[in-house]
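Chemist: With the hints as a guide, dock the two chains, each given alone in a separate frame, to form the complex.
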Amino acid sequence: MSERTEIAYDSKVEGEVIVTRADAVINWIRKHSVWPMPMGLACCAIELMAAGGSRFDISRFGMEVMRFSPRQADCMIVAGTVTYKMAEVVRRIYEQMAEPRWVVAMGACASTGGMYRSYAVLQGVDRIVPVDVYVSGCPPRPEALLDAMIKLQDKIGRESSVKTLIDSNRRPRPEAALVGA
Amino acid sequence: METITEESLTAKFDYLTPRPSSDHTAYNCPSAHLREFVWALRDEHGYDLLLDVTAIDWDAATPRFTGVYHFYSTARHVYLRVAVDCADNVNPTLPSLADIYPAANWHERETYDMLGIVYAGHPDLRRILMWDAYPYFPLRKDFPLAGIQTELPAADVAESTKAKVKSAPMMGGPFVSKRPGPMSEAEPRALDESWTEQSEKPAENTSRAD
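These protein sequence lines map, in sequence, to chains A and B. Sequential numbering of the first sequence, starting at 1, is according to this note's numbering. Sequential numbering of the second sequence, starting at 1001, is according to this note's numbering.
One chain only, chain B, in its complex shape (with noise of 0.2 Å):
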């Protein structure tokens, strides 16, 4: 097995760009091309090991959701991470690794199930956390922290109890932290002490600042 240096690969293939990376090895593949990247790394760069399938809502910016990939190779005890943009800001789309990696059936099934991304040839493509009539995508960066009402999954069992599925505000609680800092820049709404589960949210905050 050849030795893989950064070099060599991006000379290998030549639409891959390297990724700014504070830690592993990162490169920038395109969708339509990432499917023979993959069978190569696993084939021919023994990175027989796929870690971590996740994704990024970059909020307002284009392209809108970015795909990560974690590899590791278990002879060399190396990391990559490869990251693809969704073309589509709407409705994201990226092909499905899990016929190359088993591995990637569930990861996938739940960046879907978190933030809606949609893989394209995925065997199974179901909901793994929430339950399957659940509307939102909750890891989206414009799901509110708090959550959004909505019913519970069993209707007879919603009809005999009145429950539903009620928004949580933090309400500046014990788990929002007091100190400036950048979470509170990114998280304003966990501060937000003005309405309750019992008081109704003010109309003016309703809408998102964007």
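Isolated chain A (complex conformation) (with noise of 0.2 Å):
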């Protein structure tokens, strides 16, 4: 089969089986199953709870699952502005989270400092973390954040799940490494 093609069905050669790539696979599962953490450090918290909230319902898109433990949660969701004194805890909570992981800067702060020009805020959130998508808005209406999740599941589903998964096997893990030595 293609590489674009998702699946494969014909039931009348196939019967109850489906032919997919792993890849479809693995991001089709990741991309309706995405766990938001949600960084709330300013008014776009106040968004994304409406986005949680029914009027919006974020659980639309199998992302309802907000878990402010980072080993929890596979999306972190800046919502905010990212002080230098909160940059160390927003790159620590990062970390604390599994792979695979994304980010989503949510708002105007978080995706460039904003209106903070400022000694005191961090001038984006991707000097510290690696950026998926931004979303522009001081706040962003709870619509675009979902827009922007739905950019996500799109870019979730264009990744090569599998040879991320061969790649990072084969790295010598740090841990690995020290007892050798």
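If you're looking for bench data, these hints aren't it; they were derived computationally from the structure. Every residue gets a Cβ at the ideal spot worked out from N, C-alpha and C, and that includes glycine. Certain hints may be false.
Label pairs and their calculated CB-CB ranges [claimed, not checked]:
#: 1; chain 1: A; residue 1: Ser69; chain 2: B; residue 2: Glu1200; range: 39 to 47 Å
#: 2; chain 1: B; residue 1: Ala1061; chain 2: A; residue 2: Asp147; range: 49 to 57 Å
#: 3; chain 1: A; residue 1: Glu143; chain 2: B; residue 2: Ala1087; range: 54 to 62 Å
#: 4; chain 1: B; residue 1: Glu1159; chain 2: A; residue 2: Arg60; range: 52 to 60 Å
#: 5; chain 1: B; residue 1: Val1118; chain 2: A; residue 2: Asn169; range: 54 to 62 Å
#: 6; chain 1: B; residue 1: Val1118; chain 2: A; residue 2: Arg60; range: 54 to 62 Å
#: 7; chain 1: B; residue 1: Glu1200; chain 2: A; residue 2: Ile166; range: 41 to 49 Å
#: 8; chain 1: B; residue 1: Met1171; chain 2: A; residue 2: Lys155; range: 42 to 50 Å
Straight-line alpha carbon distances no greater than 25 Å define the calculated SDA-like cross-link-like pairs of lysine to any residue that follow [as the list claims (entries may be wrong)]:
#: 9; chain 1: A; residue 1: Lys155; chain 2: A; residue 2: Lys85
#: 10; chain 1: B; residue 1: Lys1141; chain 2: B; residue 2: Asp1059
#: 11; chain 1: B; residue 1: Lys1201; chain 2: B; residue 2: Ala1120
#: 12; chain 1: B; residue 1: Lys1164; chain 2: A; residue 2: Asn169
#: 13; chain 1: A; residue 1: Lys85; chain 2: A; residue 2: Val65
#: 14; chain 1: A; residue 1: Lys85; chain 2: B; residue 2: Thr1054
#: 15; chain 1: A; residue 1: Lys85; chain 2: B; residue 2: Glu1159
#: 16; chain 1: B; residue 1: Lys1166; chain 2: A; residue 2: Ser69
#: 17; chain 1: B; residue 1: Lys1012; chain 2: B; residue 2: Trp1106
#: 18; chain 1: B; residue 1: Lys1162; chain 2: A; residue 2: Pro70
#: 19; chain 1: B; residue 1: Lys1164; chain 2: A; residue 2: Gln153
#: 20; chain 1: B; residue 1: Lys1166; chain 2: A; residue 2: Cys138
#: 21; chain 1: B; residue 1: Lys1166; chain 2: A; residue 2: Arg127
#: 22; chain 1: A; residue 1: Lys155; chain 2: A; residue 2: Gly15
#: 23; chain 1: A; residue 1: Lys85; chain 2: B; residue 2: Ala1061
#: 24; chain 1: B; residue 1: Lys1162; chain 2: A; residue 2: Asp154
#: 25; chain 1: B; residue 1: Lys1141; chain 2: B; residue 2: Ala1061
Modeler: Put into structure tokens, the structure is as follows:
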């Protein structure tokens, strides 16, 4: 089957069997069970809460399981102004998240520092963590966040998950390297 | 409780001098007498609420730093402003009011954090907004609006991300008023478009013109 095809199914030929690619099925599972870590730091967090509420309802896209523990989350939504003092915390929480992990920079402050051109504010969270999707707005409406999360789903769907898995298994682990030394 | 007028306070405390004010009653008080005056304000004159503790940096003038306190009487609904000059321009010090008004505790920490005024007798004088190792006092007049490059609070995060606390010049951006006026006179550096975070600041602009 071709690179592009997600699934192949012909009841006359395959019967009960669906043929697919490993990447397609892994990504399909991942993108429909994103567990966000709500990194609410300012007013954007209010809109993030609205996105989780019944009117906008983020659970329509399978992302309603917000987890405040980074070890149970795989998508950090940075919602708000990241000060230099808080940058350390944001980075540490990101490092505690298990891979695969994604980051959404929600709003002007998280994306660029926003209106806070200041000695105290990190000028964009992408200086300390890799960002997958940026959302404009101050704060963005919940629809904008949902749109960003759908874009993130598309991005997850295009990932080479199997290759990443194999590569990460080949990479020497730091603790394993220490044992021989 | 007696009715307080401006005259009754200056008559009772001869070290007070009236301070020009466009709104509330205001006095200058020498820092040596501040604590006894504030005890009297709280216990004898009904100023039971300390609303604000801050300070002013007068830049090149002497005395350079002036501590400012706002008191409020919840019974009589009147405000009182007290200004106290710091004798030392380099290491400004004021007596702490944290044991008289618990509200002073965090306010004094903030004023210490932003302007570097040391409150003698404060129970826990640490920075409250910036991190403990931050080397500057950002609201002082000699601190540039864009900030000064320094290290992130956490060394390991700084090492893994290569991020620094960077200067963020306004570059005549959307939050700088184009209209000439008092603000542009006070902060000409906000209009400086000669450098950005990517291109270095020209050498002749690094020292302040004062």
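Chemist: Would you list, in rising numerical order, the hints stated earlier that this structure does not obey?
Modeler: Hints 4, 8, 9, 11, 12, 13, 16, 17, 19, 22, 23, 24 not satisfied by this model.
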